[in-house]
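Note that my numbering has the sequence shown beginning at 1, numbered continuously upward.
By construction, these hints were calculated from the structure, which means they are not laboratory data. There are no misleading hints in this set.
Cut-off 16 angstroms, straight-line C-alpha distance, at most; resulting in silico cross-link-like pairs (EDC-like, lysine to aspartate or glutamate):
1) Lys104 / Asp200
2) Lys113 / Glu163
3) Lys191 / Asp201
4) Lys79 / Asp222
5) Lys79 / Asp218
6) Lys79 / Asp221
7) Lys79 / Asp103
8) Lys79 / Asp256
9) Lys113 / Glu173
10) Lys191 / Glu133
11) Lys189 / Asp128
12) Lys189 / Asp166
13) Lys104 / Asp222
14) Lys104 / Asp218
15) Lys189 / Asp201
Computed beta-carbon distance windows for the label pairs:
16) Thr217 / Asp256: 18 to 26 angstroms
17) Val287 / Val353: 16 to 24 angstroms
18) Ala357 / Pro234: 40 to 48 angstroms
19) Asn298 / Leu371: 21 to 29 angstroms
20) Ala83 / Ser142: 13 to 21 angstroms
21) Arg249 / Asn116: 34 to 42 angstroms
22) Val353 / Glu90: 49 to 57 angstroms
23) Gly253 / Thr165: 53 to 61 angstroms
24) Thr165 / Gln242: 46 to 54 angstroms
25) Asp256 / Gly179: 36 to 44 angstroms
26) Glu90 / Thr217: 17 to 25 angstroms
27) Val353 / Gly179: 40 to 48 angstroms
28) Glu230 / Asp63: 15 to 23 angstroms
Glycine is no exception: its CB is placed at the ideal position from the N, C-alpha and C atoms.
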Amino acid sequence: MGLEVFRIALAALRANVLRSILTMLGIVIGVAAVIAMIALGDGAQQSVRERIGRLGTTVLQIDAQRIVQAGIGTSIHKKMTMADAQAIEERSPHVLAVEPQQDKDLQIVWRNKNTNITILGVTANYLDVRKYELATGRMFTSGDDIGKQRVVVLGAGALTQLEVTDPFAIIGENVRINGMQFQVIGTLKAKGSTGFGSPDDQVLIPLGTSRYRLFKTDRIDDIFVLASSEDDIPLAMAEIGQALRRLHRIPPGGEDDFRIRNQADILSTLGETTAVFSTLLAGIAAVSLLVGGIGIMNIMLVSVTERTREIGIRKALGATRKNILFQFLIEAVTLCLLGGAIGIATGISGAIVLRDALGWTTAVGPTSIALAFVFATAIGLLFGVWPARRASSLDPIEALRFE
1 MGLEVFRIAL AALRANVLRS ILTMLGIVIG VAAVIAMIAL GDGAQQSVRE
51 RIGRLGTTVL QIDAQRIVQA GIGTSIHKKM TMADAQAIEE RSPHVLAVEP
101 QQDKDLQIVW RNKNTNITIL GVTANYLDVR KYELATGRMF TSGDDIGKQR
151 VVVLGAGALT QLEVTDPFAI IGENVRINGM QFQVIGTLKA KGSTGFGSPD
201 DQVLIPLGTS RYRLFKTDRI DDIFVLASSE DDIPLAMAEI GQALRRLHRI
251 PPGGEDDFRI RNQADILSTL GETTAVFSTL LAGIAAVSLL VGGIGIMNIM
301 LVSVTERTRE IGIRKALGAT RKNILFQFLI EAVTLCLLGG AIGIATGISG
351 AIVLRDALGW TTAVGPTSIA LAFVFATAIG LLFGVWPARR ASSLDPIEAL
401 RFE
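Starting from the given sequences, assemble the full structure and let the hints guide the process.
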């Protein structure tokens, strides 16, 4: 009897193909939107994890932090200086390398091309600490830094913005930064963008050159350090904190005027941000599923009205209330599952199009597909119950009299 009920339900859907397709459309759009939005959110989190991995899991970042005194935001230690970097290097046994840097957005000009980009004044160990690799040429040396040489290493993003087609050809060429001439001695391999700013959009110059020639300030914007291992990160952070508190003469119990961040903290923060973002997008897309469910309920109610005599005949021939209820539930769930399957295929295709056409990182996992199927089934049951109950509760005599 159960198989017969299932066959009758499918026959009823085939009898109204166009209406069934239009009814499924809301579910298709809703499921596709949810799949695509979750794929974008998961892709963003995956990109963040990959980027943090490329930057190095043992890298720590130190910068100045404003502290609050008497309810007013003030900065006791107004800037980080080379003295801070030196103190960290001398008093932190679990730190392998220290890399202070300055940064500023300035114009760079090559031939008839120009762009505004981040200029970084860094030390010669920048590539080792920040996990970058040279594509062509060489990195400047400690001697270039001490001698305040006007040499530059271009990031992959800078090459793109300056429309450099051959990275080898620009080696030895001169560029102007803020009107000052520099010689290109190397280029960096690309790390790729993650949607949170590209690490390739940068130009490197010696720290001594930036301090005394270009930026003309002793202020250090950030200090990056390389811990000896992931297990030693807490010890390295404690040693750095102790060294800086001693240098800044912060009394016991006083608030730090600096901040130490590891890549795990950054990953956690960005991961929470992308998770909220993807949840918000999925929630907005889920509204389409709700609308689709209401559409199915409306169509099923109309179907009950149109098939009142059929229901009366089936009851007169021995169909039970349970049979009628089961039949209409099967119709509603079938519509939702078919719409869900088409929606999943559409959503996966949309995620692929976003990845290939726009270069966005997307990731479609089995969890989102399973979730879409569960939602589709739940909507079919939820919005199919009322029409099914209404059909099953019809009095057979009254139904047979219905015109």
